[in-house]
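Okay, here's what each chain looks like letter by letter:
Protein chains: 2
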Amino acid sequence: MAEPDLLTPEPDAPAPEEAEGHVTAALVEAVSETIRTGDAERLRSLVGDLHEADLGELLEALDADDRPGLVELLGDQFDFTALTEVDESVRLQLLESLPTDVTVEGLRELDSDDAVYILEDMEAEDRQEILERLPLPERAALTRSLDFPEETAGRRMQTDFVAVPPFWTAGRTIDYLREMKDAPETFYEVYVIDPAFKLLGTVPLDMLLRSPREARLESILKDEVREVAATEDQEEAGRLFQRYNLVSAPVTDEAGRLVGVLTVDDIVDVIHQEADEDIKALAGVGDEELSDTVFQTARGRFPWLLVNLLTAFLAASVIGLFEGTIEQMVALAVLMPIVASMGGNAGTQAMTVTVRALAMRELGRRNVRRIIAREVLVGLVNGVSLAMVLGAGAGLWFRNLDLGVVIATALIVNMLVAGLFGTLVPLSINKLKLDPAVASGVFVTTVTDVIGFFAFLGLATWWFGFL
Amino acid sequence: MAEPDLLTPEPDAPAPEEAEGHVTAALVEAVSETIRTGDAERLRSLVGDLHEADLGELLEALDADDRPGLVELLGDQFDFTALTEVDESVRLQLLESLPTDVTVEGLRELDSDDAVYILEDMEAEDRQEILERLPLPERAALTRSLDFPEETAGRRMQTDFVAVPPFWTAGRTIDYLREMKDAPETFYEVYVIDPAFKLLGTVPLDMLLRSPREARLESILKDEVREVAATEDQEEAGRLFQRYNLVSAPVTDEAGRLVGVLTVDDIVDVIHQEADEDIKALAGVGDEELSDTVFQTARGRFPWLLVNLLTAFLAASVIGLFEGTIEQMVALAVLMPIVASMGGNAGTQAMTVTVRALAMRELGRRNVRRIIAREVLVGLVNGVSLAMVLGAGAGLWFRNLDLGVVIATALIVNMLVAGLFGTLVPLSINKLKLDPAVASGVFVTTVTDVIGFFAFLGLATWWFGFL
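As you go down the protein sequences, you meet chains E and D in turn. Quick note: the first sequence uses the numbering used here, first residue 13, plus one each step. Quick note: the second sequence uses the numbering used here, first residue 13, plus one each step.
The reader is advised that the hints may include incorrect statements.
Pairs count within a copy or across copies, as identical chains cannot be separated in the list.
Said to hold, decoys possible - In silico lysine-lysine, BS3-like type, Cα no more than 27 Å apart, as pairs: (1) 234 x 443; (2) 445 x 234; (3) 443 x 292; (4) 292 x 445; (5) 210 x 234; (6) 210 x 292; (7) 210 x 193; (8) 234 x 292; (9) 193 x 445; (10) 193 x 234; (11) 193 x 443; (12) 210 x 445.
Rather than coming from a laboratory, the hints here were simulated on the basis of the structure.
Modelling step: build the complete structure from the supplied sequences, incorporating the hints.
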């Protein structure tokens with residue numbers, strides 16, 4: 013009696029971030045209780061109707077020990093697609109504890125792209141064991157996908173698709189679809205191919221529906237097709253989808269034969285994942301997940317912090333050059349972090365804009381000079397305005413007009429440097445075919461720290477005659 | 013004769029970032045020359061076949077003065093959809109210089125969502141002038157969309173859709189589609205509605221095609237429909253698409269009536285745009301575009317830099333408390349930026365992970381305690397390892413073991429603080445219903461600067477007895 017209510021969020025209780033989906037704390041509680049009592053009937057009534065995304069969220073919310081129980085109790089009512097919706101660590105832990113034949117049966121129900129997604133992160137041995145138990149056609153399709161490198165279109169493609177010859181009519185194609193048994197779960201286009209499986213064109217379903225029954229496909233097909241090579245990077249495929257507003261795209265092998273289809277739902281995940289990677293890379297966070305443990309997380313972030321420690325020593329050694337100056341005027345030590353910090357922030361702004369423009373392929377030979385010039389000038393404009401505030405503030409604080417002039421000048425120099433290196437560093441890293449999001453930050457802030465301290469302390473040494 | 017070659021990139025010349033699409037420097041050159049000579053024929057042969065995305069890129073690459081010429085020379089061959097692919101400043105500049113009737117005619121050809129996208133950023137007066145010249149049905153549809161708040165589903169929806177009654181058969185629906193005149197350009201689902209325009213369910217096109225002609229829609233429709241309220245935020249709609257792998261979703265008004273359709277191509281742009289906003293917000297860069305001028309850019313970034321200047325004064329004033337200590341031991345001034353910088357980096361890591369988890373709705377009451385605890389412990393683990401490196405380095409550099417102990421301790425303290433505030437700051441900002449990506453950075457680095465300087469200099473003052 014109470015169960016149906018558990019499926020929808022209570023009207024008042026949940027925080028906004030929990031209201032999404034149907035997975036409330038009460039449902040999680042009820043499910044884990046039911047798993048422990050082994051009541052398959054009740055479990056089905058609780059979660060049988062959940063969408064795969066919600067089922068995935070439920071899996072993540074359960075204790076690790078309860079997860080295999082959920083899968084086994086639900087039996088063939090458990091949709092393995094849910095495993096594509098959970099963190100990698102949760103997925104691997106669950107697959108490890110499931111009997112192999114349960115996994116094999118579960119994978120057989122899936123679209124090939126989802127099965128590949130689940131298989132690709134498993135240990136090679138376990139994966140082999142599962143593949144060997146699959147019927148030959150399925151095994152062959154999955155193996156072919158898995159043979160393509162990671163993060164390529166070949167890994168993300170769905171290998172079931174509808175392909176028909178050009179002389180078929182719209183009517184015959186529709187009749188064929190009605191009778192087809194192994195059609196993909198959803199599809200948006202019919203592919204028209206020649207006998208060698210070369211792609212001649214595509215017919216979107218709405219076009220197929222709107223054509224007269226007797227129209228031949230060769231007369232209605234769209235022959236300007238944006239196809240994706242199976243070895244193409246998934247990020248590149250994502251850009252193609254975004255640029256040309258695609259919902260699906262055919263994937264071809266080296267010989268130009270149609271081997272699969274990419275659909276937009278996978279691409280949406282790719283776009284999200286790539287943006288996420290960029291955001292995290294800019295902050296010095298690697299490929300980590302919310303479910304990672306303390307030690308996994310700490311280990312992943314340590315290298316970046318270590319590099320930062322070494323560059324911080326470099327900046328400190330610049331200060332070390334001016335120990336004598338600081339001894340004579342401690343105010344310099346008080347003020348110097350301001351110049352460095354402002355440069356770091358301005359440099360990060362310029363760098364972020366450059367990294368994003370590179371990621372979105374908006375920056376090319378055509379406009380790169382303009383952007384570098386713009387960033388330097390932005391540094392100058394903001395440098396001059398902020399230098400007036402900083403100069404006045406510092407001068408008043410220490411009742412020393414000269415100190416105000418020195419720090420203002422140093423700030424302008426550092427802001428110019430920030431604009432210049434904020435663009436040049438990611439551009440150079442990109443030229444070297446490396447990901448500018450990963451390494452730019454540490455270089456840019458090192459430069460602005462070193463120049464910031466050097467400009468301020470050096471200028472002060474010269475101005476006040478401390479040499 | 014040479015023209016067709018201009019449409020494809022030369023095999024050797026272009027850098028990878030320019031190779032995408034068909035817009036080469038040579039094409040831009042040829043087009044702007046052709047515009048100046050006014051040769052409409054040649055212009056059409058050059059750009060007539062370009063996809064709207066490529067046409068948009070071409071527009072951006074042209075001199076501002078040449079852009080209206082391109083539109084007017086191409087006449088009805090110019091696809092106004094290209095205007096949805098260019099930066100806002102380019103779009104507004106171009107619309108300003110086009111005669112109103114050219115714009116009116118161009119907009120009439122568009123899907124309603126594209127027309128709204130172009131109209132929404134225009135001056136209210138200009139927009140009104142254009143709307144008044146449109147035929148009543150189109151004007152009414154556009155006005156209704158424009159009445160919804162910015163960045164809502166109502167603004168992004170397409171108002172042409174296919175809606176039919178539940179007693180129709182699959183066959184009758186297909187016949188209706190064949191004869192329909194004002195069908196949307198592309199669609200993926202047919203909507204089944206009652207006489208009051210309330211949504212009963214959806215029939216995806218592949219399901220419609222695979223059903224027998226005599227099947228009634230009410231027997232094949234999917235009644236678990238994920239509909240979007242027209243007033244819903246577009247970001248929220250994007251999450252729904254992503255979570256449930258949708259390609260389109262019906263949009264309903266307050267009365268529950270079907271008023272439009274959101275399609276995944278718009279949502280892909282929304283997802284991209286929102287991720288982009290988050291990346292830029294984290295770096296203190298607002299809503300800026302690559303085509304912005306120096307002054308627009310500088311003005312947009314200034315407020316963040318000014319706030320940073322004020323917080324830098326705060327950190328400097330903490331150092332000011334210890335002037336006496338620094339005078340007695342200048343090494344402290346040399347080393348203190350290291351402690352602050354390490355805390356800033358660790359805090360940014362924790363903060364970025366938290367901001368992303370909040371944006372993706374992965375963080376709720378269920379796991380928030382675990383994440384805070386994890387981040388503090390990560391700070392402790394990395395703090396202890398890095399403290400050993402830093403302590404040894406500093407101790408050796410200044411041949412002062414005590415100094416090594418003091419800086420190592422201060423680093424551990426600051427790393428703990430970084431983990432704690434790196435999570436608490438974005439969580440608190442989120443609680444206040446503000447965007448944690450925008451303001452978290454400045455708070456987190458202020459805390460790690462202040463605590464970094466205070467812990468190190470305070471500890472040194474006490475340890476070495478400088479009081």
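These are the hints, each one checked on the structure:
In this homomeric assembly, residue 234 and residue 443 never come within 27 Å of each other (Cα to Cα): the closest approach is 37 Å inside a single copy and 50 Å across copies. In the homo-oligomer, the alpha carbons of residue 445 and residue 234 never lie at most 27 Å apart, since the shortest distance is 35 Å inside one protomer and 47 Å across protomers. With identical chains, the CA atoms of residue 443 and residue 292 are at most 27 Å apart both within one copy (21 Å) and between copies (23 Å). Taking identical chains as interchangeable, the C-alpha atoms of residue 292 and residue 445 lie at most 27 Å apart whether they share a chain (19 Å) or sit on different chains (23 Å).
Taking the shortest Cα distances, residue 210 and residue 234 sit within 27 Å of each other inside one copy (15 Å), while across copies they are farther apart (35 Å). When the C-alpha separation of residue 210 and residue 292 is checked against a cutoff of 27 Å, the pair qualifies neither within a copy, at 41 Å, nor between copies, at 43 Å. When the C-alpha separation of residue 210 and residue 193 is checked against a cutoff of 27 Å, the pair qualifies only within one copy, where the shortest distance is 23 Å, while the shortest distance between copies is 34 Å. For the identical chains of this complex, residue 234 and residue 292 are neighbours neither inside a copy (40 Å) nor across copies (39 Å), given an alpha-carbon limit of 27 Å.
With identical chains, the CA atoms of residue 193 and residue 445 are never at most 27 Å apart, being 46 Å at best within one copy and 50 Å at best between copies. In this assembly of identical chains, the alpha carbons of residue 193 and residue 234 lie at most 27 Å apart whether taken from the same copy (26 Å) or from different copies (20 Å). In this assembly of identical chains, the alpha carbons of residue 193 and residue 443 never lie at most 27 Å apart, being 50 Å within a copy and 51 Å across copies at closest. For the identical chains of this complex, residue 210 and residue 445 are neighbours neither inside a copy (33 Å) nor across copies (54 Å), given an alpha-carbon limit of 27 Å.
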